[in-house]
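**Student:** Start from the sequences, fold in the hints, and give me the full structure.
There are 6 protein chains.
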Amino acid sequence: MPTPKKLSHLDATGTATMVNVGEKAVIFRRATASGRLLCAPATIRLLKKQALPKGDVLGVARIAGIQAAKRTADLIPLCHPLPLHQIQIDFKVSIRAIEISCTVETEAKTGVEMEALTGVSVAALTLYDMCKAVDKKMQISDVRVVEKIKR
Amino acid sequence: MPTPKKLSHLDATGTATMVNVGEKAVIFRRATASGRLLCAPATIRLLKKQALPKGDVLGVARIAGIQAAKRTADLIPLCHPLPLHQIQIDFKVSIRAIEISCTVETEAKTGVEMEALTGVSVAALTLYDMCKAVDKKMQISDVRVVEKIKR
Amino acid sequence: MPTPKKLSHLDATGTATMVNVGEKAVIFRRATASGRLLCAPATIRLLKKQALPKGDVLGVARIAGIQAAKRTADLIPLCHPLPLHQIQIDFKVSIRAIEISCTVETEAKTGVEMEALTGVSVAALTLYDMCKAVDKKMQISDVRVVEKIKR
Amino acid sequence: MPTPKKLSHLDATGTATMVNVGEKAVIFRRATASGRLLCAPATIRLLKKQALPKGDVLGVARIAGIQAAKRTADLIPLCHPLPLHQIQIDFKVSIRAIEISCTVETEAKTGVEMEALTGVSVAALTLYDMCKAVDKKMQISDVRVVEKIKR
Amino acid sequence: MPTPKKLSHLDATGTATMVNVGEKAVIFRRATASGRLLCAPATIRLLKKQALPKGDVLGVARIAGIQAAKRTADLIPLCHPLPLHQIQIDFKVSIRAIEISCTVETEAKTGVEMEALTGVSVAALTLYDMCKAVDKKMQISDVRVVEKIKR
Amino acid sequence: MPTPKKLSHLDATGTATMVNVGEKAVIFRRATASGRLLCAPATIRLLKKQALPKGDVLGVARIAGIQAAKRTADLIPLCHPLPLHQIQIDFKVSIRAIEISCTVETEAKTGVEMEALTGVSVAALTLYDMCKAVDKKMQISDVRVVEKIKR
Numbered sequence: 531m532p533t534p535k536k537l538s539h540l541d542a543t544g545t546a547t548m549v550n551v552g553e554k555a556v557i558f559r560r561a562t563a564s565g566r567l568l569c570a571p572a573t574i575r576l577l578k579k580q581a582l583p584k585g586d587v588l589g590v591a592r593i594a595g596i597q598a599a600k601r602t603a604d605l606i607p608l609c610h611p612l613p614l615h616q617i618q619i620d621f622k623v624s625i626r627a628i629e630i631s632c633t634v635e636t637e638a639k640t641g642v643e644m645e646a647l648t649g650v651s652v653a654a655l656t657l658y659d660m661c662k663a664v665d666k667k668m669q670i671s672d673v674r675v676v677e678k679i680k681r
Numbered sequence: 531m532p533t534p535k536k537l538s539h540l541d542a543t544g545t546a547t548m549v550n551v552g553e554k555a556v557i558f559r560r561a562t563a564s565g566r567l568l569c570a571p572a573t574i575r576l577l578k579k580q581a582l583p584k585g586d587v588l589g590v591a592r593i594a595g596i597q598a599a600k601r602t603a604d605l606i607p608l609c610h611p612l613p614l615h616q617i618q619i620d621f622k623v624s625i626r627a628i629e630i631s632c633t634v635e636t637e638a639k640t641g642v643e644m645e646a647l648t649g650v651s652v653a654a655l656t657l658y659d660m661c662k663a664v665d666k667k668m669q670i671s672d673v674r675v676v677e678k679i680k681r
Numbered sequence: 531m532p533t534p535k536k537l538s539h540l541d542a543t544g545t546a547t548m549v550n551v552g553e554k555a556v557i558f559r560r561a562t563a564s565g566r567l568l569c570a571p572a573t574i575r576l577l578k579k580q581a582l583p584k585g586d587v588l589g590v591a592r593i594a595g596i597q598a599a600k601r602t603a604d605l606i607p608l609c610h611p612l613p614l615h616q617i618q619i620d621f622k623v624s625i626r627a628i629e630i631s632c633t634v635e636t637e638a639k640t641g642v643e644m645e646a647l648t649g650v651s652v653a654a655l656t657l658y659d660m661c662k663a664v665d666k667k668m669q670i671s672d673v674r675v676v677e678k679i680k681r
Numbered sequence: 531m532p533t534p535k536k537l538s539h540l541d542a543t544g545t546a547t548m549v550n551v552g553e554k555a556v557i558f559r560r561a562t563a564s565g566r567l568l569c570a571p572a573t574i575r576l577l578k579k580q581a582l583p584k585g586d587v588l589g590v591a592r593i594a595g596i597q598a599a600k601r602t603a604d605l606i607p608l609c610h611p612l613p614l615h616q617i618q619i620d621f622k623v624s625i626r627a628i629e630i631s632c633t634v635e636t637e638a639k640t641g642v643e644m645e646a647l648t649g650v651s652v653a654a655l656t657l658y659d660m661c662k663a664v665d666k667k668m669q670i671s672d673v674r675v676v677e678k679i680k681r
Numbered sequence: 531m532p533t534p535k536k537l538s539h540l541d542a543t544g545t546a547t548m549v550n551v552g553e554k555a556v557i558f559r560r561a562t563a564s565g566r567l568l569c570a571p572a573t574i575r576l577l578k579k580q581a582l583p584k585g586d587v588l589g590v591a592r593i594a595g596i597q598a599a600k601r602t603a604d605l606i607p608l609c610h611p612l613p614l615h616q617i618q619i620d621f622k623v624s625i626r627a628i629e630i631s632c633t634v635e636t637e638a639k640t641g642v643e644m645e646a647l648t649g650v651s652v653a654a655l656t657l658y659d660m661c662k663a664v665d666k667k668m669q670i671s672d673v674r675v676v677e678k679i680k681r
Numbered sequence: 531m532p533t534p535k536k537l538s539h540l541d542a543t544g545t546a547t548m549v550n551v552g553e554k555a556v557i558f559r560r561a562t563a564s565g566r567l568l569c570a571p572a573t574i575r576l577l578k579k580q581a582l583p584k585g586d587v588l589g590v591a592r593i594a595g596i597q598a599a600k601r602t603a604d605l606i607p608l609c610h611p612l613p614l615h616q617i618q619i620d621f622k623v624s625i626r627a628i629e630i631s632c633t634v635e636t637e638a639k640t641g642v643e644m645e646a647l648t649g650v651s652v653a654a655l656t657l658y659d660m661c662k663a664v665d666k667k668m669q670i671s672d673v674r675v676v677e678k679i680k681r
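Chains as they are written, first to last, in the numbering used here: chain A, 531 to 681; chain B, 531 to 681; chain C, 531 to 681; chain D, 531 to 681; chain E, 531 to 681; chain F, 531 to 681.
Calculated directly from the structure, the hints in this document are not laboratory data.
Hints are not guaranteed to be accurate.
In this list, chains with the same sequence are indistinguishable; a pair is considered to hold if it fits within one copy or across any two.
Unchecked claim - Straight-line distance between alpha carbons at most 30 Å, and here's what the computed DSSO-like set of lysine-lysine pairs gives:
id	residue 1	residue 2
1	K680	K584
2	K535	K639
3	K666	K535
4	K667	K535
5	K554	K666
**Tutor:** Okay, here's the thing in structure tokens:
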């Protein structure tokens, strides 16, 4: 399918509108997004020493991401409210970053990449919040869709 | 002030908790965050041609970012609910990216960098949503605090 | 179908309750509501001169109305949460009023007139908010259902 | 004070923004809004017979209006979140209408007329929802500010 | 069916996750929960004299419980958002307690006992709030599932 | 101070209303509530073996309780929105129960016992949700205020 030449949310007059999904089929849809919180190596070391043994910092970020994914249509104005079958958030701590991924599954008339991206973004913001006292230079980066499936 | 050696949201047992802000002073606080949505140049050209004359795409993202900044404590589990005096979101469209900045002001016992970062992130997600039909490879990047003031 | 003689949300004891929609069919349903914000002609002239060229005032009200329509079941206690396929909000600026219409579509067990009315009402409140500094005598009026279809 | 010549929520470029209330004084503020749900006389008679003895219909609308007034900043994009000292909603049932009034009090940097108007609007929508099975021609009208005090 | 030996929300590493309900059937499901607010007999007498004739105290608690049941997935992190066909809340005032029950019905891939329990809990909290000025020793107790049906 | 003889939230006509807190002083206030989730000993053993080493089950419940305490005014209709300085939730796992306590601090015109009770209730509901697959007979009990301080 060639990339469309028109922004889907703009009508003929240039007004931003919701896309009408009434005619689309209810099918299985899955999307995975990823992103990372870039930190100083000292922040990662502190995290590994103080937070990771218990797991609570990652656990709080996971819950925040799951909750945010469920609220996607409330946060992103032109998104449709969708049922969600599963939201899974995983973390990988490397030397200079915490990698975040979020996979969302549903059977619905439209895809769930915005839910996955919202889950990653809010998990990253929550990690930022918990680490900001020790690191003023963190960045949230590379938030993107890595897989989108429908069948 | 040297950087603290301890993650502020972890108690002695490693449990993630809210920081008690009861003893902190109610003072003027301002924070500015920025970030960008990286797009293909063709996406930016389409946006400039179809969306920017009317301004609606950026307008929708601005409102989404403002609304999200007000909901920060509802999204980020260990944040405190704060009064907010102003939330301002600006955009700059360059060749390969839409740059987003969000400034938040308050008089409160704790800072508003999470509000500013949340405003940037949700504005970026909203732009992503409106452009995703024409560009599958966008990324949200460089979301960070650029200024934090208290007086 | 003759008009029922009983208030649908009251049980035999006069207690307000949710209607059980379990037995109703999932069918296509559309509702359109309209309403108007009555303003002084000077307010309309100011709006036409300062706000309408850019379109931002109407754009903000449109987004607020769409977001509110999605939150109908959260605002109106005895409404059911429904999936929504589309929410469209349009404005027409006349000499003494801004006319607002909102059309909502779904496939569900119950109709969406409350969603359409909520969209109109919150769009009107948002316009009121943005114009209230220049006009203290505005009124929101004639908020009503203009069409309701099921098939 | 002469009426301003500029829409307060538009900046120099015509962009809709939040007003910065940082410099405004924290003072006592009260606002009262009113509005009405116009119904067929038969609807009012049915309401008086079935619903008013127990009071539940008005009670549900009162709670919905109070809850909505507390959520004003979440519904109206450019409103500031405010503490609220009291929200009072009253009803008067006449021959062809249910009259609604909502009074909100606070000590804050900005007024509460949007909270009062939101309380009236959502109380009216809730009444509409409970009466819509017996009356398809109701209208919400005359939603306006009747008093605004600061001292 | 024997009771499972594994906590359903923990994955192999002990991380709390949402259960994937994608493979489960959409069937009719009903759950009833109950609970009680234990009060001093004098509180019950006051309630019977001042509040029960008009019914408003129980009416407010009923609406709060219904609204909370609709927000279950927003409150309980690992719950799925579900459509709900009906939420019914009933009260029985005895000598030392207000008994609360909540029945929720849906057609969905997973059960609604959390919705029923949330409805009971928030109705009980709302009653507590309205009675707390006269009784400092109330307790919410015996909140449990009394029936769960699927077919 | 003798116990009042009147339900504070009822006006002269028996209508439930918000209490006007405008005249009350902004002072330090703290409230602690507690409660317990009664489980079968086998559930507690399973929890101790599978969940407590990592801590995630309690961590999820803690976050849910903190988030709910922040939303108290959104859940309990006649509560006032309040700033909150700290919300702390603790657990103690005994042989037949998980004990939950929640302490909330603020400087405000009214107390925070409803916030503490809401934190306990939603933490308990979240634990219930995560354990319900292995134990159908759990109960939430003894949810009450254990300390309330103002100064």
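**Student:** Tell me, in ascending order, the numbers of any earlier hints that this structure violates.
**Tutor:** 1
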